[in-house]
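Engineer: Just so you know, the sequences run in chain order W and C. For the first sequence, position 387 matches number 387 in the numbering used here, and the numbering has no gaps at all. For the second sequence, position 78 matches number 1078 in the numbering used here, and the numbering has no gaps at all.
Honestly, the hints are just simulated from the structure, not real lab data. Some clues are possibly wrong.
Short derived list, chain C residues pointing at chain W, Cβ under 7 Å [what the hints assert, rightly or not]:
| # | residue |
| --- | --- |
| 1 | Y1009 |
| 2 | T1201 |
| 3 | Y1204 |
| 4 | L1212 |
| 5 | E1215 |
| 6 | Q1217 |
| 7 | L1253 |
| 8 | Y1255 |
| 9 | Y1261 |
| 10 | R1276 |
| 11 | Y1277 |
| 12 | M1311 |
| 13 | N1357 |
| 14 | I1360 |
| 15 | I1364 |
Here are some, though not all, of the chain W residues that point toward chain C, as calculated from beta-carbon distances under 7 Å [what the hints assert, rightly or not]:
| # | residue |
| --- | --- |
| 16 | I124 |
| 17 | N127 |
| 18 | T547 |
| 19 | A550 |
| 20 | K553 |
| 21 | D554 |
| 22 | K569 |
For clarity, every value in this text was computed on a predicted model and none was experimentally measured. From the three backbone atoms N, C-alpha and C, an ideal C-beta is built for every residue, glycine too.
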Amino acid sequence: MDYNKERIRNFSIIAHIDHGKSTLADRILEKTQTVAKREMEDQILDNMELERERGITIKARAVKINYTAKDGLQYVFNLIDTPGHVDFSYEVSRSLNACEGALLVVDASQGIEAQTLANAYLAIDANLEIVPVINKIDLPSADIEGCRKEIEDIIGIPSEDCPAISAKTGLNIEDVLEKIVSDIPSPKGDENAPLKALVFDSYYDSYLGVVVYIRVFDGSVGAGDRIRMMNTGAEFDVVEVGNMGTFGLEKGERLQAGEVGYITASIKNVSDTRVGDTVTRCDNPTPSPLPGFKNALPMVYSGIYPADGSKYGDLRDALEKLRLNDASLSFEPETSTALGFGFRCGFLGLLHMDVIQERIEREFNLDIITTAPSVIYKIIKRNGEEMSIDNPSRYPSGDEIEKSFEPVINASIITPAEYVGGIMDLCQDRRGVFRDMKYLDATRTELHYELPLNEVIYNFFDALKSRSRGYASLDYEISGYKESKLVKLDILLNSEVVDALSFIVHEEKAYGRARLICQKLKDNIPRQLFEIPIQAAIGGKIIARETVKALRKDVLAKCYGGDITRKKKLLEKQKEGKKKMRQLGSVQVSPEAFMAVLKFDDEE
Amino acid sequence: MRNKKLGLYIHIPFCIKKCAYCDFYSLEGGKDDKYIKYSERIAKQIKKIGEALSNCTFDSIYFGGGTPSLIGISGFNIIFEAIDRFLSVDKGAEISVEVNPKTVDAKLAIALFELGVNRISIGLQSANDNELLYLSRIHTFDDFKRTHSVIKQHLTDNINADIMLGIPNQTVKSLSFTLESLIALSLPHISAYMLKIEKGTPFYKMSDLLPLPDEEQVCDMYEYLCKTQKSADIPQYEISNFAKVGFECRHNLKYWERGEYVGLGPSAHSFINGIRYSYPRDLVMYMSLDSPPYEEYRILSGADIRNEEIMLGLRLKKGIIPDARLFDIAKKYINGGFMEYKDGRLFFTTKGFLVSNYIISELIE
């Protein structure tokens, strides 16, 4: 179809997790015959295995769709999918900025959740036309009218004629398509002005180099143009431009104002093409870049070590491959006396960390040991020196510290009213500062807390879910740093500090956590031929202690009737178990012991 | 043709009543003629191995169970008839039968003697009746004494008693009574095993309710056992076996020394020509198929053999001759008092026997 700006609709789908965003995207592709039903592998837009399993989109994707509307005219839809998690709110905001409108999907039985609101606010910030869509109306618990009311009362957008659909069964999908045509404005912009395009995603392809997804606002770009990334300053010669088809890239001539597509330019490194950057042409540059560019900075750090020390090289390869597609992943080599050679990795948030760790294990088939997640602490030493610390083992001793600061977040929690008490206790316990509380409707409440990020990375989300039977939802943004009384807690096995187990904790919580960790370690360190003291210490002061008693016997069983094999298997299994152990001084510790310390749950 | 010396193991999978802790393959009840039918089946298998192993002689035969004494005179007659006809058995062969108290009378004892049986192993477990009750044994200590004297009178002095450590309510003191009672009867051999709560047994389901002695107590029992037997001149020759010199069980020594043996009956294991194999724990299958399938069949690799030499050899008090690799790993256990190295042999101390699984798993490849 020829270029006709009036007939382009650029939009995203936004929703709380599990409200049916990806299913709706699939149904749109199917209805517009972009994908024949038989070709549908479930949820084409989420094409990472892990994403499909978790039902969340981790990286944004885009696809071009041709649609013949009821007015008989052909339209081009560019559907830009957005990552579905708070860790990626910056990426979400960039994707939204590439659009003129957004479908806001709300589950008819769940109503508005924390991420529905957060995403709606992002869309409003980006001046998008919001089209609410009420989904899952096939469920017996669906409350369509209640949902409409919520959308109007809480978000403040009209919803009397919004589509009520079932993406699962395909019911009323046409209504959504027609709404896109009628309600979402066509793009503005001047194709003859200097090139101004927004990078909203990129990935590494081993043949093409980095494939950069862009939305052109002004001007045009085509093969042979010399382009510049206005924030990173990198320059490239465009090799190819085109559109994102359902099953791959479709090469085209030029991308013009209002269009969404890709460019390739033999780019080697995704970090040269940061999300949010502005692409312009070197021969006729636009005077100012698009606003809102940020370098996505890691917020959470953890050490990743190969469970088998000889796999260090494999781990490095895995991290390098992952970074090709994920500029927000950072890592550098680190050495632990306990765990040997590994990497200090920085992540956007907890989910990002989980996803990376799981992908290393799954896609690269590596067993890894991860250390407790840490945030970045800021310290002013008595000698005036300022430090940023992402690794507890580098935390200075207490008497060197003048002041210490930790990152805090603004958390928004939406929960059924009956769980408010329990959640407030939880936030209180996690050193939260209450900000305000709003009644969204008769049954649901929105709580605002300022919480130290350090507390949130310790199973806060799981605790929140367990206290609300899974109903509470969380959204947060980093709000800054706050002075805090922090101490470094060391764990000693057989009187030797295990550096990989050290962590930073608020003074008041040190005792409780020390006891819990000693207990956990006691339960997870197998008994050995000598007694093993487990101690927790602040500075030189021991504040908790447990002992793993020496093993005195294993069972002397009969090798009955010459059954040697059974015994042999038992011993070989025991041997295998020992191979996985880490030798910390004279003590053998299983990877599970490290994990148990990381995954402990205050709710126990 | 080599003239191999083999052991023969015959499994008798029947018991009057299954004990609550027992994990061996054995069945209660069934029809009256089951012992005869089973003995005939074994006789048939004996014919088969006799033909297949015509160049071998047998220097030990062991009837294990279950309760072998249950098959009675007629059962033993059927089996021994086949042995005489089809196997070549050494003149001085050790022929053992496991029995339980209350299942042997003078008639059976005389019959076994006449068939050539020269060693009896009695399942006693404890000389304390309250402990026997916990183990759901069908006999008392008096029953044992009667059975023992019948055997001694009509059959042989070469008698073993199985005893157990870690029985509910057992203490070092009650163990001491068991040991002293056996020493008084001048038994030349005892086997002592620790009670292990195995999955699938009634004990497993009720293990929380059992007044089991704790780990420390069981260790003390084992140490007490080793000490007592030593001073009674019934020294330890294997992790769980104690015998007067010359009364060591030759058939069981075959297992530890990697000698070859053929096993008959469901769940029986064999080791011959570098292959270990076993039959499934399934009496019906064993009875109905002419060539029962193997449950396990493994041609040993070099590493298998080396590991077996370690794990089996170290069960023996005399231990093994270590190579440099082994010696290197063993050093810390020698220093820790778990092992000793003397006259070129590496062996466990009492303290080491108690944690031998832990240490052996470190020593094997």
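Engineer: Please go over all the hints and tell whether each is borne out by the structure.
Structural biologist: Here is how each hint holds up against the structure:
no., hint, result
1, Y1009, "holds (5 Å)"
2, T1201, "violated (13 Å)"
3, Y1204, "violated (14 Å)"
4, L1212, "violated (12 Å)"
5, E1215, "holds (6 Å)"
6, Q1217, "violated (10 Å)"
7, L1253, "violated (11 Å)"
8, Y1255, "holds (5 Å)"
9, Y1261, "holds (6 Å)"
10, R1276, "holds (6 Å)"
11, Y1277, "violated (9 Å)"
12, M1311, "holds (6 Å)"
13, N1357, "holds (4 Å)"
14, I1360, "holds (6 Å)"
15, I1364, "holds (6 Å)"
16, I124, "violated (60 Å)"
17, N127, "violated (66 Å)"
18, T547, "violated (15 Å)"
19, A550, "violated (9 Å)"
20, K553, "holds (4 Å)"
21, D554, "holds (4 Å)"
22, K569, "violated (10 Å)"
Checked against the numbered hints listed earlier, the structure breaks hints 2, 3, 4, 6, 7, 11, 16, 17, 18, 19 and 22; every other hint is satisfied.
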